Each structure stands twice: as structure tokens, then as C-alpha cells.
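Take 1 as the starting number for the sequence shown in the UniProt record's numbering and just add one per residue.
Keep in mind that the hints were calculated from the coordinates and are not lab data. Since the model is a prediction, treat every value here as computed from it, not as a measurement. Be a bit skeptical, because a hint or two may be false.
When the alpha-carbon atoms are kept at most 27 angstroms apart in a straight line, the in silico DSSO-like pairs for lysine-lysine are as follows [to be verified]: (1) K174 / K153; (2) K94 / K174; (3) K94 / K122; (4) K122 / K153.
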Amino acid sequence: MTDTPPIDRLIAIMARLRDPEHGCPWDLEQTFRTILPYTLEEAYEVAEAIEREDMAALRDELGDLLLQVVFHSRMAEEDGHFAFPDVVAAICDKLIRRHPHVFGAAELADTAAIRVHWEQIKAAERAGTESGESNGILAGVARALPALVRAEKLQRRAARVGFDWDELSAVFGKVEEELAECRATLAEHADPTERVHEIGDLLFSCVNLARHMGVDAEQALRAANQRFERRFAQVECGLRDQGLEPSLETREAMERHWTLAKAAERA
1 MTDTPPIDRL IAIMARLRDP EHGCPWDLEQ TFRTILPYTL EEAYEVAEAI
51 EREDMAALRD ELGDLLLQVV FHSRMAEEDG HFAFPDVVAA ICDKLIRRHP
101 HVFGAAELAD TAAIRVHWEQ IKAAERAGTE SGESNGILAG VARALPALVR
151 AEKLQRRAAR VGFDWDELSA VFGKVEEELA ECRATLAEHA DPTERVHEIG
201 DLLFSCVNLA RHMGVDAEQA LRAANQRFER RFAQVECGLR DQGLEPSLET
251 REAMERHWTL AKAAERA
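Please model the complete structure; the sequences and the hints are all you need to start from.
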């Protein structure tokens, strides 16, 4: 098997793992739904390796993600739906179809024109499906995406047909408006459901602001999470040096160490 091309070897290994007689009991128990969380987890681990610029980890994480593709393909083959070669053939056909300026005679002036043409091709593909789902402008934006990512994609779709803010100042104004509406829900006897709605509207408007400022909201929040983790770890370290632990009683000390951690990063 060592002389076999690596991708064929991986497919053969997965087939053996799923073999009803000689396979792995855990692998045999899995279904599309039970494997889904692992697929999502591996995609995020790829993202983390990229953010760390760790090429060795990226190689390994891409392998783990590829395993997920092979795993799903194997289960689909067992059920008579499709096999791994069909997955590869489908993406090859899609890439050629969506790049007529490379593989065909189309002439597109710049990246902006390429994006417009790309969306036109995708819209035509959606219109040709028989899934029974809506073929509107927002159709096809996966509901399983992280909420920030999906919000940005929905906004970009709407923006392509002119449903968007023209000025950045107007987006700031919308954020301020939504923040004021959130404050209003703190009033006595306010509807708790309305609070949820207003917080959602505020977050959606913040994604809109990020988009207009050329910032990826999901990556920005991930970076903010990492900064918080890093700074809080320094707070804990500083407290330990004083023989203290994080608690309500050490809140002032935590604030001091937090300020020191922020200052150290900016130095």
C-alpha cells in the first residue's frame, strides 16, 4: 500500500475502517450527523493554524479536514449516493464553470468584475436546482455558518443589488440607533424577548459597520477573544505573584493587572 498514491491510500484506509467485518467499531457507528461536529471543529482548527502562521500545524490540520471529506464520501458511497471521485469531479467542473475568464473566452477587466460575474453564475446555478428552496438573492447562504459570518454574507448579497448604506457615517448612526434601542429595553416591565431582538439588531449593525470599514467581523472577534485570553492570563499570573486569586475581593487588583497587560502589549 506504501506505493499507492497518497489520496488513494487514504480512501483505502477509510474503506477498511468502515469495513463491516474488520473495521473499527467507532468508525462504523458514525453517521453524517455524528461526524458533523468533528468536521466543523477541524475547519476551525485549520483557521487557528493559519492565524498562528504555523505551517506545520496547518499541514496536519488540513489533513484532518481532508479526512472529514473522505469520511463523508465513504458513507455516501455505502448508501449509494456518490463517492469521493464524484466529489472531486464536481468541484473541478464548478471551478471551470465559474472561471470562464481563465478556462473560456470571457474577458473580465478586474477583480470587481470577476466577483460580479461569479455571483451571476452562482445565481444561475441556484435557479437551476430542484431543491425546492427559495432562489432569491439571499438563497444559498448556509444557515449553519457562524452567525457573524452569515450576517456579513447576507449583507454582501443585499449590497450587490443596491440594498446598502452609501455613507460610513450612516452606518455609525445605525449602530448608535440600535444601541439606544437596547438601552430602552432596560426599562421596567420591558419585554425580555425584545431585548434579545434588539441585541441581535445591534450585533447585525456592528457586522455592517465592520464590513463597511473593510474588517472581517468574525476574524476581528476571534482576535478580540485571543487578546482577552492572553491579557487575563497575565492578570492571573500577576495575582499569583501577590499570593492572590481572581475573585470579587481582588477585583481592583485584577483591574490594575489588566491595565498593565494592555500597556505591555502596546509598548
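Of all the hints given earlier, name the ones this structure violates by number, lowest first. Hint 2 is the one this structure does not satisfy, whereas the remaining hints hold.
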